[in-house]
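Asker: Each chain, written out:
There are 2 protein chains.
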Amino acid sequence: MTALSPLAPASFPDMPVVRGVALAGHACGVRYAGRTDLLLVEMATGTAAAGVFTRSLTASAPVEWCRDAVAKGRARVLVVNSGNANAFTGSVGVASVKRTVDKAAALAGCKASEVYIASTGTIGVRLPDEKITAALADARGKLKEDAWLDAAKAIMTTDTFPKGATRTATIDGIPVVINGIAKGAGMIAPDMATMLSYVFTDAALPAKVLQDLLSKGVQRSFNCITVDSDTSTSDTLMLFATGKAGNPAVKDAKDKRLADFKAKLFDLLTDLAHQVVRDGEGASKFVAVTVTGAAGGRAARRIGMAIANSPLVKTAVAGEDANWGRIVMAVGKSGEKADRDRLAIRIGGVLVAEKGEVAAGYDEGPVAAHMKGKEIAIDVDIGIGKGKATVWTCDLTHAYIDINGSYRT
Amino acid sequence: MTALSPLAPASFPDMPVVRGVALAGHACGVRYAGRTDLLLVEMATGTAAAGVFTRSLTASAPVEWCRDAVAKGRARVLVVNSGNANAFTGSVGVASVKRTVDKAAALAGCKASEVYIASTGTIGVRLPDEKITAALADARGKLKEDAWLDAAKAIMTTDTFPKGATRTATIDGIPVVINGIAKGAGMIAPDMATMLSYVFTDAALPAKVLQDLLSKGVQRSFNCITVDSDTSTSDTLMLFATGKAGNPAVKDAKDKRLADFKAKLFDLLTDLAHQVVRDGEGASKFVAVTVTGAAGGRAARRIGMAIANSPLVKTAVAGEDANWGRIVMAVGKSGEKADRDRLAIRIGGVLVAEKGEVAAGYDEGPVAAHMKGKEIAIDVDIGIGKGKATVWTCDLTHAYIDINGSYRT
Chain A
48 MTALSPLAPA SFPDMPVVRG VALAGHACGV RYAGRTDLLL VEMATGTAAA
98 GVFTRSLTAS APVEWCRDAV AKGRARVLVV NSGNANAFTG SVGVASVKRT
148 VDKAAALAGC KASEVYIAST GTIGVRLPDE KITAALADAR GKLKEDAWLD
198 AAKAIMTTDT FPKGATRTAT IDGIPVVING IAKGAGMIAP DMATMLSYVF
248 TDAALPAKVL QDLLSKGVQR SFNCITVDSD TSTSDTLMLF ATGKAGNPAV
298 KDAKDKRLAD FKAKLFDLLT DLAHQVVRDG EGASKFVAVT VTGAAGGRAA
348 RRIGMAIANS PLVKTAVAGE DANWGRIVMA VGKSGEKADR DRLAIRIGGV
398 LVAEKGEVAA GYDEGPVAAH MKGKEIAIDV DIGIGKGKAT VWTCDLTHAY
448 IDINGSYRT
Chain B
48 MTALSPLAPA SFPDMPVVRG VALAGHACGV RYAGRTDLLL VEMATGTAAA
98 GVFTRSLTAS APVEWCRDAV AKGRARVLVV NSGNANAFTG SVGVASVKRT
148 VDKAAALAGC KASEVYIAST GTIGVRLPDE KITAALADAR GKLKEDAWLD
198 AAKAIMTTDT FPKGATRTAT IDGIPVVING IAKGAGMIAP DMATMLSYVF
248 TDAALPAKVL QDLLSKGVQR SFNCITVDSD TSTSDTLMLF ATGKAGNPAV
298 KDAKDKRLAD FKAKLFDLLT DLAHQVVRDG EGASKFVAVT VTGAAGGRAA
348 RRIGMAIANS PLVKTAVAGE DANWGRIVMA VGKSGEKADR DRLAIRIGGV
398 LVAEKGEVAA GYDEGPVAAH MKGKEIAIDV DIGIGKGKAT VWTCDLTHAY
448 IDINGSYRT
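Chain order of the listed sequences is A and B. Sequential numbering from 48 applies to the first sequence in our numbering. Sequential numbering from 48 applies to the second sequence in our numbering.
One or more hints might be untrue.
No farther apart than 25 Å at their CA atoms in a straight line, the calculated lysine-lysine pairs in the PhoX-like style are these [stated by the list, open to error]:
1. B/Lys-189 / A/Lys-402
2. B/Lys-145 / B/Lys-189
3. B/Lys-421 / B/Lys-402
4. A/Lys-435 / A/Lys-384
5. A/Lys-435 / A/Lys-311
6. A/Lys-145 / B/Lys-402
Simulated from the structure, these hints should not be mistaken for laboratory data.
With these hints in hand, go ahead and build the complete structure from the sequences.
Answerer: Structure below.
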């Protein structure tokens, strides 16, 4: 068992009820012993759904199911198991999804297309879905409105802490709740979403508005984190809205009445994404890389990711070494427009290099002190444009290798 | 001091003389104590030169010098120091190059544009070039035709063994010698060349032919290796031809009389590239990833590199875990065309997965045994086209983190 991440939050947040959402964590024995491994969520009739999924070309069967189902925009049930990803399991895996969906739909009395499913864990091993379908009725019996911590725990794999976040917002003066949970620690370099994250609100919003908000929100949150540059076959981020808050109808994501909801939603997505990084496999430091002055926003993100994914930068951070030469290297390999002699690099707010060389009068003392902390700030100004982006990562430590050299054993 | 790589060759090859080439390794004290850190090579009048260099946008001052000089295609002197990369050192770094080149040219009695220079080591620290220029006369006094091992040793940084290779070929019946040396162990994901590698031949070949051969040869050798996905600011591969072998003039790289020379040159480049991987920082296993059936050759290489650069694949190899699901993941994240249900994966020649799932009757026994060896073979057939490529890498171990968490201290 891996020790709690030193970057873990002090506690799981106090999550209020989202009217129309009931949850249960359950132990069905897919792979893990002595812990829950099945999450069941049921949502009120009329719940709208939106989702973004991995762009991996080897996506899992559950991801393919959800991609199709979310096109209809309705949700009633969510079933997630941990311990087995049901990925690269061929027609057997597709049949597992179908059986689980059918059983859940029958129990809830809804359409199959209103059931969403996800599996996370080992790739390439047949999912014993009979354990899931056999457990669904018992799990239903445990459904509660306040089981958010149980829900977050049931979907953990190599995570060392459960991840949740909550915000309240108003839509046209009506208060609404937004709760979210997430899991993920390794194979984190989302390209459309992260490993698994589910966000629930009692706001009344049509699926199209939810999808617009989610697709935009993911770009600056989950799509800006990386633990190890490896993109999962199962990345899923979904947003469900039960409509129980009774706010007036809003039909356009750009409607000004959604400004507060949008801000709170994006903030919550960023919070959850940060928690995933803070539980990055083996992480001992949380690193924020901010790139400014790039040719454009996309270029800034790519340069940030080149820095955040560099094993040499990440091992230097782990070693508390302010080795800024490796940051220069990573900018250079990003493939994005840059001019060596216009770069400026700050670590912990201190200017370390500019105009193609070490900064005049650079004193490594305060920077070395910053490197000993748990929160590392790397700021790079490319000096050629207005593009900016912030991405987040963790360091690369011995524990990452311990965890991943023997994951299946 | 890092222990000898377990993947090191049994011994340094017995390198014959290349007529027209004399070498010396010398200790000038740039950074290291108790070892040589300066390589000086002088070549006969009329030596032709070709080179390929890093595509990093933060390339070092020495790389910029060499790129300009090689356009003239002539060489007389090569000066390489280890311990300091003279990269991101601004105008001070450019001045260091100029002083070193001028001193070397004056001593050899040649033009500045016939002098090539390289620096390898820490980025962002001013190069004390006065130590180099002060040592050049002494180094000249030590020049010998048979100092190949000394030469290979002088350019090492985190390398645990000196790297050399030799081949003989015939051009139109005339025997010629090809000798090469290389260095590199980390920051290895060359995009035009590797860290540093120099190849010398006594063949008489014009610079244009050398450049054509080198540009082609690098594609399947140095450009197909990766240790840590990080591309250096200093990657340099050069080929020098003294013309002393007396073979008849050949003016086109496609001339059939060059077939044997070309084959031997490419073989030598692959040999040196493999030695770099075998000395990859912390490496305990050498991994060959062969991709077939991709949409094209470039797609095959990119898929191979996605596998070879995946920290999850590399840590699984280190842990001797045949976790082929991570290979599926890496194919999926490569961005290249693939169809999950047409993939076939072999490890150590054993079919482990095909048609979107684990192979029928798959027995992990022989694969587990293969994973315990030092030479790991991963073969992936994409099943959609004729593109193929082989790339080489090493595993990711605790030693990589040890080496890179404290490189500067």
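Asker: For each hint given before, does the structure comply? Return the numbers of the non-compliant ones in rising order.
Answerer: 1, 3
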